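Peer 1: Chains as they are written, first to last, in this note's numbering: chain P, 1 to 418; chain F, 1 to 495; chain Y, 1 to 122.
These aren't lab readings, by the way, just hints derived from the structure by calculation. Everything numeric in this text was worked out from a predicted model, so none of it was measured. Don't take every hint at face value.
[Unchecked claim] The calculated label-pair distances, taken between Cβ atoms and stated as ranges, are:
#1 P/368 <-> Y/60: 48 to 58 Å
#2 P/74 <-> F/129: 53 to 63 Å
#3 Y/47 <-> P/372: 29 to 39 Å
#4 F/96 <-> P/364: 37 to 47 Å
#5 P/291 <-> F/487: 52 to 62 Å
#6 F/239 <-> P/399: 56 to 66 Å
#7 Y/60 <-> F/170: 35 to 45 Å
#8 P/227 <-> F/170: 50 to 60 Å
#9 Y/89 <-> P/84: 24 to 34 Å
[Unchecked claim] Distance condition first, Cα-Cα at most 20 Å in a straight line; then the derived DMTMM-like pairs of lysine to aspartate or glutamate:
#10 P/233 <-> F/286
#11 F/475 <-> P/304
#12 P/396 <-> P/304
#13 F/105 <-> F/119
Even glycine gets a Cβ: it sits at the ideal position worked out from N, Cα and C.
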Amino acid sequence: MLNNNIDVLIIGAGPAGVAAGIGARKQGAEHVVVLERDWDLGGILQQCIHPGFGLRTFREELTGPEYMHRFIQQAHEAGVEFRTNTMVFQIDRNSNQVWTMNRERGIECLNPKAIVLTMGCRERPLGAIRIPGTRPAGIYTAGTAQRFVNMEGYMPGKRAVILGSGDIGLIMARRMIWEGAEVEGVYEVMSWPGGLRRNIAQCLDDYGIPFHLETTVTKIHGKDRLEGVTVAKVDANKAPIKSTERFVACDTLLLAIGLIPENELSRMAGVEIHQVTGGPVVNDLLQTSNPAIFAAGNVVIVYDLVDNVSDEGLIAGANAARYAAGEISGSIRRIPVKGGENVRLFSPQFVTGESDTTIFMRVTRPIEQACRVFTTPEFYTQRLRYARPGEMNEVKIKAAQVKAMPDLQEIIVDIQPV
Amino acid sequence: MAKKYDVIIIGAGIIGSGIARELSRYKLKIAVLDKASELPSGASRANSSMIHGGFDDKPGTVKAKFCVPGNKLWHKLKDELDIHLDECGSYVCAFTDEEKLHLEKLLAQGNANGAPGLEIISGDKLREREPNASKEIIAALWSPEAGIINNFEAVAAFIENAQTNGAELFLETLVTGLIFETNGDVKGVNTNRGIFEAPVLINAAGVHSGEISQWAGDTSFKIIPTKGEYFLLDRTTQGFIHSFMFSCPSKAGKGITVAQTAEGNLLSGPTATEQDDPEDNSTTPEGLAEVLKGARRLVPNFPVNLNITTFAGVRANTDTGDFVIKALENPRGFVNVAGIKSPGFTSAPAIAIYVADLLRENLADKIKFIPNEKFVPERRNIPRFLYSSMDERKELAKSDPAYAQIVCRCETVTEGQVIEAIRRGARTVTAVKMLTRAGTGRCQGGFCCPRVAEILSRELGVPLDAITRHGGDSKLLVGRTKEFLLNKQEARLNA
Amino acid sequence: MISERKFICVSCPLGCGLTVTLEDGEVKSVEGNSCPRGASYAKSEVKDPRRVFASTVRVKNGKLPVCPIRSKTPAPRGKLFEIAQAVAKLEIPAPIKIGQVLIHNACGTDVDIVASRDLESA
Numbered sequence: 001m002l003n004n005n006i007d008v009l010i011i012g013a014g015p016a017g018v019a020a021g022i023g024a025r026k027q028g029a030e031h032v033v034v035l036e037r038d039w040d041l042g043g044i045l046q047q048c049i050h051p052g053f054g055l056r057t058f059r060e061e062l063t064g065p066e067y068m069h070r071f072i073q074q075a076h077e078a079g080v081e082f083r084t085n086t087m088v089f090q091i092d093r094n095s096n097q098v099w100t101m102n103r104e105r106g107i108e109c110l111n112p113k114a115i116v117l118t119m120g121c122r123e124r125p126l127g128a129i130r131i132p133g134t135r136p137a138g139i140y141t142a143g144t145a146q147r148f149v150n151m152e153g154y155m156p157g158k159r160a161v162i163l164g165s166g167d168i169g170l171i172m173a174r175r176m177i178w179e180g181a182e183v184e185g186v187y188e189v190m191s192w193p194g195g196l197r198r199n200i201a202q203c204l205d206d207y208g209i210p211f212h213l214e215t216t217v218t219k220i221h222g223k224d225r226l227e228g229v230t231v232a233k234v235d236a237n238k239a240p241i242k243s244t245e246r247f248v249a250c251d252t253l254l255l256a257i258g259l260i261p262e263n264e265l266s267r268m269a270g271v272e273i274h275q276v277t278g279g280p281v282v283n284d285l286l287q288t289s290n291p292a293i294f295a296a297g298n299v300v301i302v303y304d305l306v307d308n309v310s311d312e313g314l315i316a317g318a319n320a321a322r323y324a325a326g327e328i329s330g331s332i333r334r335i336p337v338k339g340g341e342n343v344r345l346f347s348p349q350f351v352t353g354e355s356d357t358t359i360f361m362r363v364t365r366p367i368e369q370a371c372r373v374f375t376t377p378e379f380y381t382q383r384l385r386y387a388r389p390g391e392m393n394e395v396k397i398k399a400a401q402v403k404a405m406p407d408l409q410e411i412i413v414d415i416q417p418v
Numbered sequence: 001m002a003k004k005y006d007v008i009i010i011g012a013g014i015i016g017s018g019i020a021r022e023l024s025r026y027k028l029k030i031a032v033l034d035k036a037s038e039l040p041s042g043a044s045r046a047n048s049s050m051i052h053g054g055f056d057d058k059p060g061t062v063k064a065k066f067c068v069p070g071n072k073l074w075h076k077l078k079d080e081l082d083i084h085l086d087e088c089g090s091y092v093c094a095f096t097d098e099e100k101l102h103l104e105k106l107l108a109q110g111n112a113n114g115a116p117g118l119e120i121i122s123g124d125k126l127r128e129r130e131p132n133a134s135k136e137i138i139a140a141l142w143s144p145e146a147g148i149i150n151n152f153e154a155v156a157a158f159i160e161n162a163q164t165n166g167a168e169l170f171l172e173t174l175v176t177g178l179i180f181e182t183n184g185d186v187k188g189v190n191t192n193r194g195i196f197e198a199p200v201l202i203n204a205a206g207v208h209s210g211e212i213s214q215w216a217g218d219t220s221f222k223i224i225p226t227k228g229e230y231f232l233l234d235r236t237t238q239g240f241i242h243s244f245m246f247s248c249p250s251k252a253g254k255g256i257t258v259a260q261t262a263e264g265n266l267l268s269g270p271t272a273t274e275q276d277d278p279e280d281n282s283t284t285p286e287g288l289a290e291v292l293k294g295a296r297r298l299v300p301n302f303p304v305n306l307n308i309t310t311f312a313g314v315r316a317n318t319d320t321g322d323f324v325i326k327a328l329e330n331p332r333g334f335v336n337v338a339g340i341k342s343p344g345f346t347s348a349p350a351i352a353i354y355v356a357d358l359l360r361e362n363l364a365d366k367i368k369f370i371p372n373e374k375f376v377p378e379r380r381n382i383p384r385f386l387y388s389s390m391d392e393r394k395e396l397a398k399s400d401p402a403y404a405q406i407v408c409r410c411e412t413v414t415e416g417q418v419i420e421a422i423r424r425g426a427r428t429v430t431a432v433k434m435l436t437r438a439g440t441g442r443c444q445g446g447f448c449c450p451r452v453a454e455i456l457s458r459e460l461g462v463p464l465d466a467i468t469r470h471g472g473d474s475k476l477l478v479g480r481t482k483e484f485l486l487n488k489q490e491a492r493l494n495a
Numbered sequence: 001m002i003s004e005r006k007f008i009c010v011s012c013p014l015g016c017g018l019t020v021t022l023e024d025g026e027v028k029s030v031e032g033n034s035c036p037r038g039a040s041y042a043k044s045e046v047k048d049p050r051r052v053f054a055s056t057v058r059v060k061n062g063k064l065p066v067c068p069i070r071s072k073t074p075a076p077r078g079k080l081f082e083i084a085q086a087v088a089k090l091e092i093p094a095p096i097k098i099g100q101v102l103i104h105n106a107c108g109t110d111v112d113i114v115a116s117r118d119l120e121s122a
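Based on the provided sequences and hints, a complete structural model is requested.
Peer 2: Here is the structure:
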């Protein structure tokens, strides 16, 4: 429990943080500490009790708790120190001092050599989309409802409408059904689903739950408890079409309208935040604009697959260990990455050429035909059957390819129809 | 058995709670009744929280009489009662020469009302101080004494201090009728919780004060419920503007304002839509569009994408256009403090003192005004972890481990604060929110609502599914998992 | 008789759109799959559609009031609600170990229901 000589301090024991701990220890860092605000390790995956995690890593589909169980075991074996019930409430941007609180130990100040931010993401709240009407009980983000159902054992309602088609919303639709509740329908303002197609199939279609595209909730009704919502089709500008409005009775509205990196501490630490991803700007070492601070997982960019989050955690942990050992100096931003016209967001934003790297990206608009994902200069190209905003794409760049071009000014990542 | 008091106050908004505190300086048995489950409710909950400079009201009106003294009192009360008041000052912005002339009129009016420090400055000067202000603004009236207050804290401070000094608060207590003595004087009220008797009855029922006044036979004014809608933006907008910015008032009212709240959020509103229903505080597409238009007129790059919530309040406008503060001749003992809209929050402390004087002068035969030697004027706020120094935080955490547990991430609220709010009377998630700010941040309770509900459940010794959002039927949860399945006969899944 | 059915494969996050051609109820061909799992999913979906069931079970004296559970292997789709009701009736004392079998041969499906996390006593 020594607070001095922490080589790598990791904030958050979800999939990214646990992997970062493993990565840092395997790289040789002596004292690696992962802080977790909850009593339990595992982060949000402990409430994601459905299968669908880790197919790539473990060759089988695990539930969230099962996936974390395996990684936590590995971390214990690797000699990672965990501190639960410990919350970071402040990071001083000049000294990189980290302030923590814990019921037994009170308020403490840690001075690690390197920090990895792995706080994950949070759900966009109702306020972000400004639906008019009343403000009754019964409106929850899908993740909050998931916590109530899966961790506390309580039902948020008997008849739900789901706004937005992010994966958690789809998963919660089926979860509500499996608890004997009703789900009236899922409403998505965009012309395409926010979540994976297989979740539309196995969470909605299996149970006959209607899925309405280009439709949104335009009004909330009910004084104390939610009594219903008005839904309407939207036009090309996403403005509701008055004549299509109809009332839907429900006692619960679940929101699955997107995830955004949890950046409270990132901001406090003074690292540069990317305008589009909402997470820290990072290079391929997953180093932020503050050379001692690294970041991995959904705190950087929201991933589809936990396997990617764990991979990134391993990389960030290893590089933080290298930084702590004095093997990396300064914040390296050799070659900027740029996105093509239909690339909405991507990460990392800089490539050092020090190691092989994967750049993850999402398209703005779906391409429902054969297309290819590629870089300019052409380090990588791959044919795709389609590209959809709900499904991340990636390009892989080898260190040798970058090193071979010492005058390289930028790398463009793009996805275009062929 | 009827409960017997010296004074009954109907309504625990900023007016009723302010009067309760003022009267608690005397050895009086005071009952404050409010139909809500949590305070503040009604217009005191949802308003601009502005402490006005005092130039808006025509000299000679009741409003003008109380606004400037009220402003002065708040600057003192903020320390005495430990309330956040940002003494930010305000600007009335003129876009045309005609509006600029109007600023001159407001300046003269303010001077006549005794509002200190008023000054007309150029648009350029304004933009030096407020770089985000519109380039179209040609002049502005600066009022240095104006400010913005944490309205939740202000009402809590008044009512808590009144309670400390002996007043009793009854929530979820709806007055359903008045009771009179055989000589016609006031005797008490009927409520859903039985009869409360007192020879003095103060009607501070806000948007419902007209109806209660009618029960007493005073039909000299009518309440016109007037909805005001607002946007509230993320605290990361802090510093976007620094002061309270008004458009030039028109016949439609003071117009849309943009301000930074005492807590650093950007606030814009209100609309002024007359309606029949005093309880309808829903927001509307039209209203929100109007606010956005007004906000962008003052600050063109108003960052509405950082909106965290929208809300509406219903104000008690009167057909007379002024406050109604008077002790009735008949029935004796009945006092109207009604139709208090803007600048009602500002005026509240001055109105409270005036009402105490009014009772002393007119109703001394009914109740005895003996000074309460034990009166404690000070009230301390619940410790605010966010604003505490690191040493204070360490002290808090040492004194009670619950202060070393964050409940609300966005506003850095600790479990210790939530427990203290419950100790002070919070029974709902929204009550905790108003007293501690847990849930007022950018995730709007997504993270802390289940945690606050758990703490309420544990501290109050009730099951989690008995906890409500804001009282009444606003239960957060509808039962345990598995119950539906065990009760359900039809096999929907097999479909 | 030749007929065609369309499915979204749920075997992995790719979610391939499968087209299955049937002759007299027998699978003749599967198109649209990216891997062999897609073909076997399509065949199973035609004859005996199965899903992994995941829910929670009530816990006595646990660190949490409920513990996540799953069907160890995919269970017949038509039996899921019956299994859900069987699970709803259980109350398991803590501590619980991951993989602990809570119901053997649930509702005669030959599928076991197991705990999907460790859960300590309160």
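Peer 1: Is the gap between the beta carbons of residue 89 of chain Y and residue 84 of chain P within 24 to 34 Å?
Peer 2: The hinted range 24 to 34 Å holds for residue 89 of chain Y and residue 84 of chain P, with Cβ atoms some 33 Å apart.
Peer 1: Honestly, do residue 96 of chain F and residue 364 of chain P meet the 37 to 47 Å range at C-beta?
Peer 2: Distance hint for residue 96 of chain F, residue 364 of chain P holds at roughly 42 Å.
Peer 1: For the range 29 to 39 Å, tell me whether the beta carbons of residue 47 of chain Y and residue 372 of chain P fit it or not.
Peer 2: holds, 37 Å
Peer 1: Could you check the hint for me, namely that residue 74 of chain P and residue 129 of chain F are 53 to 63 Å apart, CB to CB?
Peer 2: For residue 129 of chain F against residue 74 of chain P, whose Cβ atoms are near 57 Å apart, the range 53 to 63 Å holds.
Peer 1: State, for the Cβ atoms of residue 368 of chain P and residue 60 of chain Y, whether the hinted interval 48 to 58 Å holds or is violated.
Peer 2: holds, 52 Å
Peer 1: Take a quick look at whether residue 475 of chain F and residue 304 of chain P sit within 20 Å of each other, Cα to Cα.
Peer 2: violated, 34 Å
Peer 1: Assuming the hint says 35 to 45 Å, is it satisfied by the Cβ distance from residue 60 of chain Y to residue 170 of chain F or not?
Peer 2: Holds: the Cβ-Cβ distance is about 41 Å, inside 35 to 45 Å.
Peer 1: Regarding the pair residue 396 of chain P and residue 304 of chain P, is the alpha-carbon distance no greater than 20 Å?
Peer 2: holds, 17 Å
Peer 1: CB of residue 291 of chain P to CB of residue 487 of chain F, is that within 52 to 62 Å?
Peer 2: holds, 59 Å
Peer 1: Starting from the range 56 to 66 Å, see whether the pair residue 239 of chain F and residue 399 of chain P falls in it by beta-carbon distance.
Peer 2: violated, 43 Å
Peer 1: Starting from residue 233 of chain P, check that the Cα of residue 286 of chain F is at most 20 Å away, please.
Peer 2: holds, 18 Å
Peer 1: Within a Cα-Cα threshold of 20 Å, do residue 105 of chain F and residue 119 of chain F meet the stated pairing?
Peer 2: holds, 12 Å
Checked against the numbered hints given earlier, this structure breaks hints 6, 8 and 11; the rest are met.
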